[in-house]
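**Student:** In the order they appear, the protein sequences are chains S and H. In this text, residue positions in the first sequence follow my numbering: the first is 1, and each later residue adds one. In this text, residue positions in the second sequence follow my numbering: the first is 1, and each later residue adds one.
Hints may contain errors.
[Stated by the list, open to error] Once the Cα atoms are required to be at most 30 Å apart in a straight line, the calculated DSSO-like pairs of lysine-lysine come out as:
#	chain 1	residue 1	chain 2	residue 2
1	S	Lys-104	H	Lys-38
2	H	Lys-89	S	Lys-168
3	H	Lys-89	S	Lys-171
4	S	Lys-171	H	Lys-229
5	S	Lys-168	H	Lys-242
6	H	Lys-5	S	Lys-168
7	S	Lys-168	H	Lys-176
8	H	Lys-176	S	Lys-171
9	H	Lys-233	S	Lys-39
10	H	Lys-38	S	Lys-168
11	H	Lys-233	S	Lys-171
12	H	Lys-233	S	Lys-168
13	H	Lys-176	H	Lys-89
14	H	Lys-224	S	Lys-168
[What the hints assert, rightly or not] Label pairs and their computed distance ranges (CB to CB):
#	chain 1	residue 1	chain 2	residue 2	range
15	H	Pro-97	S	Gly-192	27 to 33 Å
16	S	Leu-102	H	Gly-128	28 to 34 Å
17	S	Glu-2	H	Leu-188	43 to 49 Å
18	S	Leu-102	H	Ala-226	43 to 49 Å
19	S	Lys-171	H	Pro-69	27 to 33 Å
20	S	Pro-61	H	Ser-169	37 to 43 Å
21	H	Ile-216	S	Tyr-164	18 to 24 Å
22	H	Ala-226	S	Ala-129	49 to 55 Å
23	H	Thr-163	S	Lys-171	32 to 38 Å
24	H	Gly-118	S	Glu-159	24 to 30 Å
25	H	Thr-192	S	Pro-61	54 to 60 Å
26	S	Lys-39	H	Glu-71	28 to 34 Å
27	S	Tyr-164	H	Ala-230	46 to 52 Å
28	H	Pro-97	S	Ala-101	47 to 53 Å
Keep in mind that the hints were calculated from the coordinates and are not lab data. Don't be surprised by glycine CBs; every beta carbon is placed ideally from N, CA and C.
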Amino acid sequence: MEMIVSFILAIVSYMLIDNVVLSRFYGICSFIGVGNKVKSAFSMGLAVTFVIMMATLVCYPLYFYVLVPAGIPFLDTLVYILVIASLVQIVGLFIKKYSPALYKSLGIYLPLITTNCAVLGVVQTNSDASLDFLTSLANGLGTSIGFLIVIVLFACMRERINGYNIPKAMKGVPIALITAALMALAFMGFGGMVG
Amino acid sequence: MNSIKRGQHKASFLNGILRENPLLVQVLGLCPALAVTKSLETAFGMGLLFTFVLVSSNVIVSLLRKLIPEEIRTPSYIVVIATFVTIVKMFAEAFLPELYSSLGVFLSLLVVNCIVLGRSEAFAGQNGVLDSFLDGLGNGIGYTWAISLMGLIREILGLGTLTLGKVFSFFGDPLKLPILKSTTLDALGNPTYDYSISIFQNPAGAFIVLGLMLAIMAAISNHKKAVEKAKEKALKLEMAAKAALEGGAK
């Protein structure tokens, strides 16, 4: 019971308090780039969730049962990025075969995920901080759901902003960053929720 | 021929510094720019390590550009970049422990930095070694000054003081300069004056500073474009007036 509670608390803390985009700054590029339309933002969020979970599941045993016993833990980044790149390829092929409709909506975002630092960031923090398997899972789950929530909310706001007349110099990325700043302020309100 | 080549070298070097600045004009590499700019020195250190990775990966990719098959281009570039990132990580851990701990995971995340991969894809994969070297150096310097400026703004506004020599601690004790907040304490143990705004040390402050910097860059380039347009328009009017005058004379 206690384990389940701490697992859920860890997910909430990674999802809201230490939000992946607004406080840890992972995946800003895709956040700004794709967070234009709600529909594409949602697809991107789903694809990222999928890849982060797969990468966490694969990289954890790889680090603790292969790299560390072999005495080459310093090669972690190199191994992770190769694992993520091939995972993205495999996931792409798999979805293409079994769910063409999903592939159609995720398709163009899949290759982008390889260079989304949220994936590598999660996997790297798991091994840097030597988290146990359950906390690693919580980190992966919390981070990806946090990413999904924030990118969809952000896209909603940007769809509204695009309809208004704002100063020419602020158009595009600058206003997006200011919007993100206000969101970050709002998310600071979650601080201290999990003791 | 020689002067054309020299011009090209100069362009490869200078483009990245201001006209095609990776952060402020191309808006790439946002994650580290937001995450490591709490203080000037951390940002500058990140810039230096980033420049090293960019220059070395550009050179190696350019050397290997005829050997790497087209289909596995991106994975090969990533392996080259990851190698240099690992080297930099080990170097920083050994010689700059303060910097290593404050950069944290963002040093590893250089592997998926869009600028490094982008320069390999867009430039080093098609150009000679010298040009690629200069391109890497120019882009590195451009990125370094941009994030250092951000670090400077955030540190002064957020902490009120400017600390030098803490990360690069080869020159003895760190120097703490009072700017918006005094370093001397009054009888109650509070600083004698304090005008710092702590929000600039928070994530929200990072977004605000970068957003305003990009807006200023956009305003400058819009202004330049407007001036050019006005000049063109004036020239056209002048030509038209001349033509009309000539027509009238006939």
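**Student:** Hint by hint, work out which the structure violates, then give me just those numbers in ascending order.
**Tutor:** Those not satisfied are hints 1, 2, 3, 5, 6, 7, 8, 9, 16, 19 and 27.
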